[in-house]
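A.B. asks: As they're listed, the protein sequences go chains A and B. Quick note: the first sequence uses my numbering, first residue 549, plus one each step. Quick note: the second sequence uses my numbering, first residue 549, plus one each step.
Treat the hints loosely; a few may be bogus.
Because identical chains share one entry, a pair is satisfied inside a single copy or across any pair of copies.
Derived pair list, reagent style EDC-like, types lysine to aspartate or glutamate, alpha-carbon separation capped at 16 Å [to be verified]:
no.	residue 1	residue 2
1	K592	D613
2	K579	E779
3	K722	E760
4	K711	D641
5	K698	E714
6	K743	E621
7	K565	D716
8	K579	E754
9	K698	E723
10	K612	D641
11	K654	D613
12	K579	D666
These aren't lab readings, by the way, just hints derived from the structure by calculation.
Protein chains: 2
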Amino acid sequence: MLSKAQIKYIQSLQHKKYRQKSSQFMAEGDKIVPELLQEGVPVKEVYATSAWIAAHRALLDRTKDVNVTEVDENVLRQLSALTTPNQAIALLDIPGSAAIAPGSLKGTVSLALETIQDPGNLGTIIRIADWFGIRQIICTPDCVDAYNPKTIQATMGSIARVKILESDISTLIKEAGVPSYAATLHGRDITEFSKLEEGIILIGNESRGLSEAVISASTHKITIPRLGGAESLNAGVAAGIICGRLLI
Amino acid sequence: MLSKAQIKYIQSLQHKKYRQKSSQFMAEGDKIVPELLQEGVPVKEVYATSAWIAAHRALLDRTKDVNVTEVDENVLRQLSALTTPNQAIALLDIPGSAAIAPGSLKGTVSLALETIQDPGNLGTIIRIADWFGIRQIICTPDCVDAYNPKTIQATMGSIARVKILESDISTLIKEAGVPSYAATLHGRDITEFSKLEEGIILIGNESRGLSEAVISASTHKITIPRLGGAESLNAGVAAGIICGRLLI
Numbered sequence: 549m550l551s552k553a554q555i556k557y558i559q560s561l562q563h564k565k566y567r568q569k570s571s572q573f574m575a576e577g578d579k580i581v582p583e584l585l586q587e588g589v590p591v592k593e594v595y596a597t598s599a600w601i602a603a604h605r606a607l608l609d610r611t612k613d614v615n616v617t618e619v620d621e622n623v624l625r626q627l628s629a630l631t632t633p634n635q636a637i638a639l640l641d642i643p644g645s646a647a648i649a650p651g652s653l654k655g656t657v658s659l660a661l662e663t664i665q666d667p668g669n670l671g672t673i674i675r676i677a678d679w680f681g682i683r684q685i686i687c688t689p690d691c692v693d694a695y696n697p698k699t700i701q702a703t704m705g706s707i708a709r710v711k712i713l714e715s716d717i718s719t720l721i722k723e724a725g726v727p728s729y730a731a732t733l734h735g736r737d738i739t740e741f742s743k744l745e746e747g748i749i750l751i752g753n754e755s756r757g758l759s760e761a762v763i764s765a766s767t768h769k770i771t772i773p774r775l776g777g778a779e780s781l782n783a784g785v786a787a788g789i790i791c792g793r794l795l796i
Numbered sequence: 549m550l551s552k553a554q555i556k557y558i559q560s561l562q563h564k565k566y567r568q569k570s571s572q573f574m575a576e577g578d579k580i581v582p583e584l585l586q587e588g589v590p591v592k593e594v595y596a597t598s599a600w601i602a603a604h605r606a607l608l609d610r611t612k613d614v615n616v617t618e619v620d621e622n623v624l625r626q627l628s629a630l631t632t633p634n635q636a637i638a639l640l641d642i643p644g645s646a647a648i649a650p651g652s653l654k655g656t657v658s659l660a661l662e663t664i665q666d667p668g669n670l671g672t673i674i675r676i677a678d679w680f681g682i683r684q685i686i687c688t689p690d691c692v693d694a695y696n697p698k699t700i701q702a703t704m705g706s707i708a709r710v711k712i713l714e715s716d717i718s719t720l721i722k723e724a725g726v727p728s729y730a731a732t733l734h735g736r737d738i739t740e741f742s743k744l745e746e747g748i749i750l751i752g753n754e755s756r757g758l759s760e761a762v763i764s765a766s767t768h769k770i771t772i773p774r775l776g777g778a779e780s781l782n783a784g785v786a787a788g789i790i791c792g793r794l795l796i
């Protein structure tokens, strides 16, 4: 049984202000919650139906320090941030955001996002990063919060494997000591690049793209060649296409 | 001024049943409506605020046979399928869906979609097709309707340049006389292929992927190599990455 205060607390995590205050976020989904448990991410609480708990008993037993609470579908509907609630919701601590040490991005490929506003886009990009083995994404402070329930949902569990860091990007790319690749509409054709061993791929806001400050601070300007009539591509799709050309 | 019956008619176009009955669909958006007008797509009606009409006067004057009706923002809110209504809504006739003549897909690249369910995904894929110069998308009859307002919104105007056809896919690829490329998790690495001159790229359902019938009827099975932990990619992102490898 959940008290009214507990229900209110979980609902409050749909809002950034309360996530920041409590340093917790929620993840919901029949596939995401088991994936987080399997990855060994410190899940604090699981609220799920009795059927879901029975089906995941072994996994829950293997998980240290998790509280499991049985709730019915009515309560899940109250807790859910989605229109179609799932069988299970988890609460997790937001990982502490360490400062990015100079030199720490050497030898790896990172993604950096400037002012991404759509939670679904951010989640999709986290999933893309995870697919291509990118271990960290740097977000400008004005990006949508990565622990937004819609973002977590769109990551499909990849939030467990990709570190989210926050930083100003134009300063970062000047100091990182690795090449940086700014996605623009007027750069060099991505097909002319060979596979990257290290560097930062820069993706900008959904409607405005990257700022001039970031573009001019970057070491390379890159463009997906356009063969047809569309004016632009969705930010998540563009990130996927660029990774699909530069990382494999 | 719009009558109650007119408002009801426009609202009805949010539902597939009524779109099919009337063979009309709606497109809304400050950028999409001008793009449709500019492309010369036969726009029948435009409902917009007086400010929007004034700003697009020249374009509207150049457009033959369009009725322009000034409405206020309250009415637009009633007509809109979106939570944030736009300044302009257009009504258009749904293009007649001609049968695909055998041989008509030769010499071009097409996309074929099996059971895509999410309207946003379908719109994103139409936009990707338009970016890469793909002129037609074949959808199985159980795909989400391409004239759904959310799909139209996500195409960002690309619906004006990409033809949507409906067909069973496994029969089509057997008879089309061009190679077909099925996106699966266990195919040949996409980086091993050279640029396509003709063929059909096959993308499957968001959670189940392509059916066995389509995979076995295809001439090539292709896979985006996975370097990290994510189990899968979003269908739209996968379509983008594949086009980004096979078409440029």
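A.B. asks: Tell me, which hint numbers fail for this structure?
C.D. replies: Numbers 5, 6, 7, 9, 11 and 12 - these are the hints that the structure violates, sorted from lowest upward.
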